[in-house]
Each structure stands twice: as C-alpha cells, then as structure tokens.
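> Protein sequence lines correspond, in order, to chains A and B.
Quick note, my numbering runs 3 ahead of the 1-based positions in the first sequence.
Quick note, my numbering runs 7 ahead of the 1-based positions in the second sequence.
Don't read these hints as lab results, they were simulated from the structure.
Dumping the calculated PhoX-like pairs for lysine-lysine here, alpha-carbon to alpha-carbon at most 25 Å:
no.: 1; chain 1: B; residue 1: K254; chain 2: A; residue 2: K51
no.: 2; chain 1: B; residue 1: K27; chain 2: A; residue 2: K129
no.: 3; chain 1: B; residue 1: K255; chain 2: A; residue 2: K87
no.: 4; chain 1: B; residue 1: K136; chain 2: B; residue 2: K60
no.: 5; chain 1: A; residue 1: K51; chain 2: A; residue 2: K87
Given next are the chains, with one letter for each unit.
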Amino acid sequence: MILEVEKINLVYRIPLQRRTNFRDVFTSLVQDPMDTLFPNADYLHVAKDLSFTISEGERIGLLGVNGVGKTSLCRCIAGLFLPKSGKIKRYGPVRGVFNTALGIQPELTGRENAELLAHFIYPGTKDIDKIIDEAIEFSELGQFAEAPVKLYSNGMQTRLCLSVISARPTGLLILDEVFDGADMFFREKVSHRVLRLMKSSGGVLFVSHGMEQIKRVCTRVLVLHRGQIIFDGEPQEGIHFFENFDRGVKGTEGLFQFDGHQRI
Amino acid sequence: MQTSKIFLTQVRVLTIANLKSRYRKTVAGFLWVVLNPLLMYGVQSQIFKKFLKLGVPNYYLFLASGLLPWIFIVQTLEMGTPTILHNGHLLKSYPTSPLVYLTSQIADNFINFIAAFLIVLVPVAYMEKVTIPGLLLLPIPLFFLILGVLGMVWFLATLQVFFRDTNFILRFALSILYFMTPIFYPVSYIPENLRWIAGINPIYILIAPFRICIYSFEIHQFTSALVPAVVVGILSPIFAYLYWQRKKNDIYFNL
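Using the sequences and the hints given, assemble the complete structure.
See below:
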C-alpha cells in the first residue's frame, strides 16, 4: 500500500463577491450592510466521505469534468491542503507536479532556475548537481540554458520544468495535466521519459484530459463527480463510462454547481 | 533533523537566488542596499545632533544602535508582507513551507543589515566607547529580534492574502510609528504618563536590549529589557503559526 484515503471531506469556501479592499467594503457597507457584515458564501464540496487506496505499482487516472476538484484533491493528497475531516495515510514520499510552465526567477538563467526547482522538488537529495546537468541536457535548451528565463517562451519553460521534474522516481507521483504547454516534438520525447518515471515510481495519480494518454499509461481509472467516486475500475471501461457520463451531465444539468449556499 | 536541514538548504538557495536576481542588472549592485541605511543614518545624525541639538551623550552611537535595527525591521516587514501572495504560484505547485520564502526574505534583509552595521557601527564604536560584555551578549537580543520579526512578517503576509490593503496600511503605520518609537530620541524624553506607549510597542521592545548592549551596557538594565523582548520573540511566531494553521486552506484557495 502506498496511499490510503479514509473518508476525507474537503470543502472550500467560494465568496460570491470578493471584497479585498477598503473601498469595496465601504461601498457595499453603504449599499447592503447586512450582506457585508454577514456575507453569503457558497461551498464547493470537493470530497464527501471519499475513500480509496493506491497500491504499489498502480497507475491511476483521475477523471472528472472541469471544476470538479481533481487538482484540489491531488493537492490535498500531496499535503498542500488539509482535509476538513478524515485521514490521508502516506506510506512513503509523495511528489506532486501541478505546474510545468514555471519560471521561478525570471532574471536568473535556466540553469539557475533548474537548481532552484531541483531543491524544491527533490529536497534533501544528494545528487542535485547531477539532476540539474541531466535535466539541462535532456531539455535540449543548449546555450539558452545560460540565458535569463524571462527570454524563454512558455514552451521552453515547460521543457526545462518537465526535464527537472521527470528526473527521479518517487513513492507516489502525482501528475496534474503535466503535458500541457510542451511542443509536439518535445511532448513525444518527454512522454517516454515520464512513462519511464511512472513505471519506476511506487504509484501514480495521473490527471489528464488526454484519454489516449490515460489508456496508454494507467492501470486503473477513478471518475470524480460531486465529491464522490462514481467509477473505479479498468481504464478502457472507465474512459467509456466518463465519456458517456460527461455527455449526459452536459445535457441534463449545469457543469458547475456549488453544494451549499448559506450565510456565514 | 533532516527536515531542518532541508529547510535551511532551501532558504539558502532561495536567498542566494533572490540576491543574484535583484543585483544582476544594476551597476552599483549590493551598494544600493547599504546606501539607504547609510544615508538615513548620515542625515538623521547630523540633523538631530546639530540642528535640534538633542542633548544625548555619544549621539552617533545612540542613533546607530536604534536606527539600524529599526531599518532592518521596517524593510523586512514591508518587503515580507506580500511574500506569500507573490509566491502563490510556487506554494500551489510545490509542497514547500511558506516559512522558506519568509525566512529567505529575512535572511536577505539580515545580510544588508549586517553590512550596514559593520560599515556604520565599527567606525562609530571605535570613536565612542562600546563595552566588550555588551558586544559579547549582542547575539541574544539579535536572536529574539529576528524571531519576533519572523512572527510579525508571517502574520502580516498571511493577512495580506485576504486583505490586500495590509501592505499600504503597514507602510502608513510604520511611518507614524517611527516618530512614536524612541529611536532618535531616548525613552526618557517621553513624558512619564505616556511611556506606556513605548512599553507596548513590539518593535521598540525588540530593539531596546539591542541598543543597551551597544550604547549603555549595564547588566540589570539589560536583563529587564531582555525579558519583554524574549516574550515578544516567542509569542509572535506562535501567534502567527496559530493564525496560519487556522487559515491554511483558505490561504491556498485565495492565492
């Protein structure tokens, strides 16, 4: 077992009207004092008593319509958020990758950014220098590795970032739409490397809208809807279920619905 | 142990990156940072001593021992308050502690402070009398000063996520607070019935034992000034931590 998610509830508040400065507060206080003092808020219930496990060697594709909370759930598993209730047991290191077009310091060179990134992604690793050298070589940035990242296109930043994050395996690897932004040629090259990384990592939680990738990479699929897992099974069957479900949902109800509307 | 080592490595790498990034394109580079406290000190020492003729013995030393930590605190608070908000994309992407970014900001300013401290204080201390026991004990108030500032900047940086006016209010409040804090004048200049204002000013509480070490070291005076500084230095990060824990999820959703 690599991960055990036990009856977690993850809720976040969506302010219906964000007031973040004095002027807005003052204006709304004059217009509607009750609503300003006791504002309405909606809650998105990303996970409702959600439970599942990931075993050694499993590569799970997480599917769900936009805004259903896949990224929030992944961030919760990666330890960025705390669930409102329930337990997340991690039996080993967890690495989440949520953004691949990230120039941390635009003034610094690609190599310097790679170093910074490597220290964030592989904290405590002894061969950081080796990771950086390998990543620079793999990214094929050539002399651009010594140029400031502010001169990079989004695709170049993605190349650099993907090269660093795909350098070493881990216990549980969470990949959230990682291939977006890379150009076609690099995507093919990096997907081989990421596939190798996935196979050598203990387990994988993979979020993607690319059904082909899910089919090729995953051994199991989960479909998330309204905070619950409505499908758990074989990738082929899961994709078929999701595609039909997605059409059904779009046809009968709005995609984006909050769960609770209450005065707080 | 391993966690602290990782934390310190990340802070070191980020601080070096910030310093490189900031000074790479400038001609004077690092000089700009020490220039501000040096100019402030130069102008204020002349005006308060020669124009206003403040009757404070060893005034150059007196001013340096209060003004330099004040500038360090103010710069750290002003630069650190937007830190969590500015690094939101990183915090949402990698499981790093926000304390890495905040501590790195403090380290960045602390390097500037040490540079200004050495440039100003060494010649002034050479000209005017500084006691050796005071200098030897200096790391103690300095430690609690840094701890106190860490708590303050952590709390303000969290608040800034929800309330974007925080940094503007802070700048305004600090400019007023400068005149209300006994930095360029001694606390004895404040009428006795109003001295409680300095007594509840956390910035002054943190600076007071530091100043005593450099300017007028006397052990009883030092210990009685150190006790409140220790209290502020410990309570400030605890309070910030509790507030952070309470707001942790909301912070990520508001970044």
